[in-house]
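Line by line, the protein sequences are chains A and B. Going left to right, the first sequence walks through residues 762 to 927 as the working numbering numbers them. Going left to right, the second sequence walks through residues 87 to 775 as the working numbering numbers them.
By construction, these hints were calculated from the structure, which means they are not laboratory data. Heads up, a few of these hints could be off.
Examples of chain A residues lying across from chain B (beta carbon under 8 angstroms, computed) [as the list claims (entries may be wrong)]:
| no. | residue |
| --- | --- |
| 1 | 779 |
| 2 | 781 |
| 3 | 792 |
| 4 | 796 |
| 5 | 829 |
| 6 | 830 |
| 7 | 867 |
| 8 | 886 |
Examples of chain B residues toward chain A, derived with CB under 8 angstroms [stated by the list, open to error]:
| no. | residue |
| --- | --- |
| 9 | 247 |
| 10 | 425 |
| 11 | 547 |
| 12 | 554 |
| 13 | 700 |
| 14 | 704 |
| 15 | 708 |
Virtual Cβ for every residue (Gly too), placed ideally from N, Cα, C.
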Amino acid sequence: MQSRRLAVRLTALVVAVAAVLGGPLVPGVDLAPPAPAPVSGNVGQGSVAVEAVAFGETGYRLERGAHGSGAYYLVAPDAFVEVASVDGRPMLVYEVRIADLGYARSTTAFPSEGAVGTVRISLGKDALSPERIAAGRYRAEVRVLARANERDRVLDERTVEIEVRG
Amino acid sequence: MTDGEGDGPDSDSGFRSRGLARLRRAGRALYGVAFGDRCGAALFLGALAFFGLYWRVGVFITDTYTVANAAAAVSEGSLSVDRIAYGPASGETPGMVVAGGERYGRNYGQVFLALPAAHLLRGLALVADLRLAVVGLWCLSLLGCFVLLGRITGRRRAFALAGSGVVLALFGANLAVATELEARWIPLAALQLSSMTAAAMTAVLLYRLVRRIRGRRTGMAAGAAVAFASPVGFWAPLPKRHASVAALVVAVAYCLYRTREAETAAGPDGRARRRDRRRRALGFRALAYGLVGFCAWIQPAEALALLVALVPADLLTARSTGRRELAAVGGAFGLSLLPFLLTNYAMSGNPLLPPRLLPRYAGEALSPTSAVEGPGRGTGALGDGSVDAASDPLSASASADAGGRRSAAVALARFLGRVGATAIDNAGLFWRFMARGVDALLDGDRLYRTFVRSGYVDSVAPEDGNEAISLSLLESMPLLGAALALPGHLALRLREDPGRSGRSGRSGRPGARARREVDPTPARAVDLFSLAFAGVLTLLYLPRLPLHATVTVRYLVPAVPALAYLLTRLEPVRSAARAWRTMAWAYAATVLVGGQLLLLATLLRRPALGEAMQGHALLALAAALCLGVWGLSTASTARRSDRLGAVLLGAVGGVATAFLLLSGVVHFSAAGEFALPAVRVVSEALSAA
Chain A
762 MQSRRLAVRL TALVVAVAAV LGGPLVPGVD LAPPAPAPVS GNVGQGSVAV
812 EAVAFGETGY RLERGAHGSG AYYLVAPDAF VEVASVDGRP MLVYEVRIAD
862 LGYARSTTAF PSEGAVGTVR ISLGKDALSP ERIAAGRYRA EVRVLARANE
912 RDRVLDERTV EIEVRG
Chain B
87 MTDGEGDGPD SDSGFRSRGL ARLRRAGRAL YGVAFGDRCG AALFLGALAF
137 FGLYWRVGVF ITDTYTVANA AAAVSEGSLS VDRIAYGPAS GETPGMVVAG
187 GERYGRNYGQ VFLALPAAHL LRGLALVADL RLAVVGLWCL SLLGCFVLLG
237 RITGRRRAFA LAGSGVVLAL FGANLAVATE LEARWIPLAA LQLSSMTAAA
287 MTAVLLYRLV RRIRGRRTGM AAGAAVAFAS PVGFWAPLPK RHASVAALVV
337 AVAYCLYRTR EAETAAGPDG RARRRDRRRR ALGFRALAYG LVGFCAWIQP
387 AEALALLVAL VPADLLTARS TGRRELAAVG GAFGLSLLPF LLTNYAMSGN
437 PLLPPRLLPR YAGEALSPTS AVEGPGRGTG ALGDGSVDAA SDPLSASASA
487 DAGGRRSAAV ALARFLGRVG ATAIDNAGLF WRFMARGVDA LLDGDRLYRT
537 FVRSGYVDSV APEDGNEAIS LSLLESMPLL GAALALPGHL ALRLREDPGR
587 SGRSGRSGRP GARARREVDP TPARAVDLFS LAFAGVLTLL YLPRLPLHAT
637 VTVRYLVPAV PALAYLLTRL EPVRSAARAW RTMAWAYAAT VLVGGQLLLL
687 ATLLRRPALG EAMQGHALLA LAAALCLGVW GLSTASTARR SDRLGAVLLG
737 AVGGVATAFL LLSGVVHFSA AGEFALPAVR VVSEALSAA
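Modelling step: build the complete structure from the supplied sequences, incorporating the hints.
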């Protein structure tokens with residue numbers, strides 16, 4: 762048999778055999794295990810000991826989207842949480858709240874059990890309708906919370922100024 | 087193009103048994119009917135492998151829940167949606183309707199088209215791991231594409247060995263990171279699989295159509311453009327109806343061409359030959375109308391648009407339309423409407439009332455019969471179209487007194503009266519849509535936002551979460567910039583025409599007209615049909631455009647192959663596409679280099695979704711502008727630059743391909759779980775980088 766034909770047939774055979782091996786006909790072989798949940802464990806339960814929290818005093822902006830995309834996006838410096846110990850699966854929440862716009866944006870981190878060190882939280886981007894932005898500056902409350910067992914503990918908070926650009 | 091042994095998918099000399107030989111012949115015939123030739127088959131498999139890269143198993147737009155739940159119900163043997171397999175448990179999703187105390191989905195033609203794929207996946211899941219089976223199917227289509235490319239280019243060994251290596255490596259990579267694909271996704275994945283098949287067939291049919299008019303290379307370019315560089319590619323792996331309707335549109339165009347071709351064909355005459363040609367012409371003509379009827383099962387308004395475009399294009403170019411033709415065409419159309427009519431009848435008791443015209447389901451209590459779980463219910467059983475009269479409000483009063491023969495006649499008369507009234511209502515509805523479409527044509531801003539530049543549109547973006555993701559037609563298909571070559575095309579025609587009539591086809595540019603003169607009627611029929619369909623479809627939807635959640639003006643996607651076809655009819659475009667090597671290199675360079683630069687920009691700037699989409703939009707507009715300027719320049723009598731045109735066509739196609747890949751793998755990665763585990767890993771790595 763020519764080598765090209767052999768190569769093609771072998772390839773097809775390997776693919777088919779692997780698929781059947783992983784299937785229900787061959788018990789005990791799991792070639793495609795269930796995907797692990799993005800956050801495992803008992804989310805929101807546990808405790809976290811925090812040594813220090815740091816987030817910027819400046820650098821908060823409402824920036825108009827590029828390329829004529831029109832909407833405004835809240836840009837904030839990252840928050841850093843120095844974690845001493847983690848028990849269970851608590852949450853760390855970084856939140857920016859602009860009362861005058863009735864708008865709040867938060868991003869949550871899930872430090873894993875036994876983790877020690879710095880957790881960095883970047884505020885996710887989402888779009889605000891340009892019609893809502895009337896002023897050139899806004900005041901915002903910035904907070905970092907530890908959330909566990911359905912209780913929020915404010916680790917640090919600060920009022921900052923948000924500059925509107927574009 | 088070398089012609090070796092066997093054109094079929096499998097050429098082996100080891101067949102001895104008669105049964106197998108017959109099977110093989112049937113397979114070959116099927117292969118010919120579906121793909122035409124190796125190039126068509128390679129295009130098909132290549133397109134499938136391409137779509138597979140950004141196939142995300144999941145729901146992209148909320149009304150997909152409705153169709154997916156209908157698909158799940160149909161695959162369990164029921165038209166009505168009793169069990170909600172996907173989405174909110176209330177079943178109150180856009181497009182879900184209610185009739186006679188039952189809940190129904192819509193686009194049943196699309197749902198039924200997905201049944202074979204559902205059976206295939208179910209069957210595979212019995213013997214193999216579902217995820218690996220999906221990966222395996224993808225790998226085999228890629229391998230098949232390699233093998234066919236080897237045959238086409240005459241370098242079988244190189245392509246077979248390289249293809250085997252690449253496919254094994256890709257399979258291994260996917261295997262290493264494979265995760266389970268749950269069986270509950272099968273009905274939805276089947277919808278996606280059939281949509282991808284339809285999109286790939288759109289490319290194949292366009293290739294076959296254009297090949298007959300302009301030759302193989304232009305045909306390949308047109309087919310590839312639709313699959314790899316147009317919104318058809320964007321919607322291919324998404325479980326919507328658009329790719330299926332696009333496939334039907336180009337299939338109708340193909341049939342129309344074949345019927346005119348058979349009518350006008352010159353050649354060795356003889357009574358048998360002539361009869362043969364007449365029969366073929368009639369068959370394709372009937373098939374064209376049959377496809378329109380079938381389309382009604384998927385989306386009746388779009389089918390009506392097809393019919394409105396097909397009838398004049400057909401009648402104006404037909405050699406003769408006698409009683410025989412009318413009977414065949416009417417018969418085929420009527421037969422093909424049956425599934426549509428029966429499905430409607432089973433739902434509401436009115437065959438002309440499609441799901442789209444039924445009241446929206448708003449969480450009301452369903453009739454007690456549907457609360458009974460299990461297989462006991464006969465209502466709405468597939469295919470038989472019977473409906474239980476008690477659950478049918480429209481015929482309930484009629485059947486209540488259906489005792490004697492007289493009352494049966496009365497019931498029938500009422501039924502016919504109702505159907506007739508619905509027919510008039512529907513025609514009126516379509517007419518009102520058209521009239522509103524004509525009004526909308528006068529709205530400059532609407533036209534600009536829909537066809538040229540989207541940006542942040544106040545009436546659209548808020549519905550898309552303030553992200554300006556719904557692009558204009560030109561932004562989603564920059565190749566349409568080549569339409570500006572129309573003046574050049576006309577100029578060329580004007581210059582050529584006097585000579586052609588004087589010296590019967592041997593004038594014009596030397597060489598180009600040297601081939602035998604072809605009757606222009608078949609192509610003109612398709613020109614007319616394509617223009618008319620694109621126009622009617624635009625009128626149909628324009629009053630609602632620009633609209634949110636359309637991303638690439640998805641309502642106009644069925645017109646995309648027609649528009650691509652019309653581009654190939656422009657003389658300057660065809661002439662440029664003749665420098666196909668240049669075009670292919672420009673395309674490859676743009677995808678490989680430009681695509682990576684775009685990816686790099688995305689990684690460095692981390693744009694929000696709207697920013698990313700508008701970035702692509704601006705790039706596409708710039709590309710379309712370059713192509714348009716070249717197109718306009720072809721009108722000048724000075725020497726045309728075909729080479730520049732080829733470079734631009736290739737590069738602009740590359741820009742569109744990069745958009746499909748980036749939007750599928752990066753920007754819209756949340757549309758579901760990637761079918762290919764390796765792509766999931768790449769996508770996650772890119773969004774985390």
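Hints versus structure:
1. Evaluation of the residue 779 (chain A) hint against chain B yields a held restraint, the C-beta minimum of about 6 angstroms falling below 8 angstroms.
2. For residue 781 (chain A), the shortest C-beta to C-beta distance to chain B is roughly 5 angstroms, which falls under 8 angstroms, so the interface hint holds.
3. At about 6 angstroms, the closest approach between the beta carbon of residue 792 (chain A) and any beta carbon in chain B falls short of 8 angstroms, and the interface hint on this residue holds.
4. A least Cβ separation of about 4 angstroms between residue 796 (chain A) and chain B falls short of the 8 angstroms threshold, and the interface hint therefore holds.
5. For residue 829 (chain A), the interface hint holds, since its Cβ comes within 8 angstroms of a Cβ in chain B; the closest pair sits about 4 angstroms apart.
6. The beta carbon of residue 830 (chain A) is positioned within 8 angstroms of a beta carbon in chain B (closest approach about 4 angstroms), and the interface hint is therefore held.
7. Here the hint on residue 867 (chain A) is broken, as its CB sits about 17 angstroms from the closest CB of chain B, past 8 angstroms.
8. Hint status for residue 886 (chain A) relative to chain B: holds, with the closest Cβ pair at about 4 angstroms, below 8 angstroms.
9. Because the beta carbon of residue 247 (chain B) sits about 5 angstroms from the nearest beta carbon in chain A, less than 8 angstroms, this interface hint is met.
10. The beta carbon of residue 425 (chain B) comes no nearer than 34 angstroms to any beta carbon in chain A, farther than 8 angstroms, and the hint placing it at the interface is violated.
11. The beta carbon of residue 547 (chain B) is positioned within 8 angstroms of a beta carbon in chain A (closest approach about 6 angstroms), and the interface hint is therefore held.
12. The beta carbon of residue 554 (chain B) comes within 4 angstroms of a beta carbon in chain A, closer than 8 angstroms, and the hint placing it at the interface holds.
13. With a least beta-carbon distance of about 4 angstroms to chain A, the hint placing residue 700 (chain B) at the interface is held under the 8 angstroms criterion.
14. Annotation: residue 704 (chain B) was flagged as interfacial toward chain A, and the flag holds, the nearest CB pair being 5 angstroms apart, inside 8 angstroms.
15. Nearest Cβ of chain A to the Cβ of residue 708 (chain B): about 11 angstroms, over the 8 angstroms cut. The hint is violated.
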